Amino acid sequence: MTEPTNAEDAAESETAVSDATERTPDEAAAAAGEFVQFRTVVTTVENKPGVLARVAGLFSRRGFNIESLAVAPTADERFSRITFTVDVASAPLEQVVKQLDKLINVVEIRELSPVESVERELMLVTVKSAVSNDRRHELLDLIDDFRAYVLDQSQTRMLLSLSARPARLDEFEQRLRTFGIVELQRTGRVALPMLSQ
Amino acid sequence: MDINGGQALVKALECEGVEVVFGLPGGAILPVYDPIIESPIRHILVRHEQGAGHMAEGYAHATGRPGVMMITSGPGATNGVTPLCDAYMDSVPLVCITGQVPYPAIGTDAFQECDTTGITMSVTKHNFLVTEAQDIPRVIHEAFHIATTGRPGPVLVDVPKDIVDPNSPRSAMTWYEPSDDIMELPGYNPVTAGDPELVHAAARLICSAERPVIYVGGGILKARAAHELRALAELIDVPVVTTLMARGAFPDSHELCLGMPGMHGNYTAVTAMQHSDLLIALGARFDDRVTGRLDGFAPDAKVIHVDIDAAELGKVRRPDVAIRGDCRLVIAALSEALGDCGGRAAQADRRAWRSQISGWQERYPLVYEQSQPGERLKPQYVLEVLRDSTPDDTIVTSGVGQHQMWASQYWRFDHPYTWINSGGLGTMGFSVPAAIGAKVGMPDRTVWAVDGDGCFQMTAQELVTAATGRIPVKVALFNNAYLGMVRQWQEMFYDERYSEVYLSYEVPDYVKWAEAMGCAALRAEAPEEVAPAINEANEINDRPVVVEFRCERAENVYPMVPAGLSNSDILVDPSLR
Chain A
1 MTEPTNAEDA AESETAVSDA TERTPDEAAA AAGEFVQFRT VVTTVENKPG VLARVAGLFS
61 RRGFNIESLA VAPTADERFS RITFTVDVAS APLEQVVKQL DKLINVVEIR ELSPVESVER
121 ELMLVTVKSA VSNDRRHELL DLIDDFRAYV LDQSQTRMLL SLSARPARLD EFEQRLRTFG
181 IVELQRTGRV ALPMLSQ
Chain B
198 MDINGGQALV KALECEGVEV VFGLPGGAIL PVYDPIIESP IRHILVRHEQ GAGHMAEGYA
258 HATGRPGVMM ITSGPGATNG VTPLCDAYMD SVPLVCITGQ VPYPAIGTDA FQECDTTGIT
318 MSVTKHNFLV TEAQDIPRVI HEAFHIATTG RPGPVLVDVP KDIVDPNSPR SAMTWYEPSD
378 DIMELPGYNP VTAGDPELVH AAARLICSAE RPVIYVGGGI LKARAAHELR ALAELIDVPV
438 VTTLMARGAF PDSHELCLGM PGMHGNYTAV TAMQHSDLLI ALGARFDDRV TGRLDGFAPD
498 AKVIHVDIDA AELGKVRRPD VAIRGDCRLV IAALSEALGD CGGRAAQADR RAWRSQISGW
558 QERYPLVYEQ SQPGERLKPQ YVLEVLRDST PDDTIVTSGV GQHQMWASQY WRFDHPYTWI
618 NSGGLGTMGF SVPAAIGAKV GMPDRTVWAV DGDGCFQMTA QELVTAATGR IPVKVALFNN
678 AYLGMVRQWQ EMFYDERYSE VYLSYEVPDY VKWAEAMGCA ALRAEAPEEV APAINEANEI
738 NDRPVVVEFR CERAENVYPM VPAGLSNSDI LVDPSLR
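Residue numbers (our numbering), protein chains in the order written: chain A, 1 to 197; chain B, 198 to 774.
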């Protein structure tokens, strides 16, 4: 099975729409104005050596707990984007943002509210597939349901990929456990604001 | 003009208006020291890199201009970490140039290599590792820009040897004039003017407050806003407390001045804040040494907080009005807004508040008991005599501990930039090198370093720098044979179990030691010897002078708010209880 690009785009836009309607507990809490433990912050930083160390050092020095972190260049090669999820029980989000803003190499900071943003995370996972025929069908159905992809397979294992909202990855991971997870790697979430209507 | 990176670095420092550099050469920074021979920049050769840093800090505190230190790689750089951290905590504008091993050798554990930018990342406002000679003038300009604008702080520039060494082809560069136009700092945009709406909101809060206190921090001095502060305080007739970092920002002899707040603050300053209904915090950061236990600090007060650093607003205490901006501009705007509201006539009736404050001042003055004949000196007495025997604009530096608190309490600071100490980091050994830096920056002023015997032993070697460099600082050495503040805590909180805290009155012999370092040296042991010794020291202006005062060992600093308690639990001198 290969990755059909058009179909993936279609799937993406479908889930993007469902992002606004199907809310995770965090999103529902945010919409209701309640306390949300994990908040996503997107920073644009200068693409220079050591910038990630400055950001990571700041988190550790100020006692900010980071749930996930993703770093990659942006469309403009002068800048990179660091997207992270911070545990606001460890420090008020406002302090995190203000302290980050003091780093000379940090150019822009945006806090993305869960209800106004699209979040995605990529998971690669190897599962055991040497199972009964029934169980194998169950696994393939699961892959289909979640719109995951089979990137590679052997007699006994399958290497899957899924890009979705982090909560959906959690769910997929949970369901795969019954088959046996050999190895799993997640990227940490990235996010962009939703387009205004 | 084709020059090498080392020449460009020195030239770039000249372009920034640098007149003095405190430093010590070594292998990796050698190529930068060579062009210094031709440069008009004065170089002060220190005896330890920590001294270079504290001198640069003292210079910056006294003059308002950035201090510059230059040291080599590896151990040179690590010795410089303490003053960098000190400058970071106290927002001192500092530029530190460090040598580094040649760029291709970085990461190989080369001789005298250390990860200087990695080590200093958390104790500098920013640091740079310059990789190309061509970048040197731009980076030096950026370093000075960052160090001196916004909330000031230390900036380190790490310079690999191969980009400054004329024997390396990588040091070749074409000179260009550094200017703001060539800076590449897209993420650095310090804000200076306060939001006018918030300024008006602050003015409204002030008008209706019945028990306001102006709480002044070191930011006032950094913003050079002492004049504006006085105008504001007099306009609204509100008392002022000046923190350890702000002593001198408002004249101690002014009737509105309540002195220093905090753990060893003046009773009235501490208590007025506790009873206040409005704290007007200007360039202060609600440090734990000021607030005591936070949930018991000024419980009924609303807070107006003005600071140039947005991260300070709400970091410790949630303000009712938070204004990000330069204190000088915001205070001027605030005075104008208060004038628009009707000035002093529009202020709430505060006669009851003023009389309550005068009551505390009368009941709880700063007191100590003079020593009996045959007893050793009381440090407070020595400080009073020193204060009264020196010019009004004398610059006083201090180390950290009991002598620092007594100096802050018993001096009368009537001018800004006359008090230089290590507040945030609490660096023992700060006093002597800071005094040297201050004297270099302000050669026409009398500079007295107030120091303890514990502190003095940490950085005394810099008196050799002062003696050979003909920098006539004066040191008042308070020898009580103990790490006095630690002794006090062991007495009060560890059942008088004195663990590893005794030094000695006799060893070292401070007079001999000072003389060996090229200083004049005096000793005073009885009250009647104090004034003559100080007067003699004041007459010596061709070399440094050290006056050792043999002080009572068991003297404690009062008032005191024991750590972890609320400011309402302040302990005054036993004679007042």
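It should be emphasised that the hints constitute simulated quantities derived from the structure, not laboratory data. Here the structure is a predicted model, which means the values were calculated and not measured. Mixed in with the good hints there might be a few duds.
[As the list claims (entries may be wrong)] Lysine-lysine pairs mimicking DSSO-like chemistry, simulated, CA-CA at most 30 Å apart: (1) Lys102(A) to Lys48(A); (2) Lys48(A) to Lys98(A); (3) Lys208(B) to Lys48(A); (4) Lys102(A) to Lys709(B); (5) Lys575(B) to Lys98(A); (6) Lys512(B) to Lys709(B); (7) Lys512(B) to Lys499(B); (8) Lys575(B) to Lys102(A); (9) Lys98(A) to Lys499(B).
Query raised in the report: What are the numbers of the hints the structure violates, in ascending order?
Result: Hints 4, 5, 6 and 8 not satisfied by this model.
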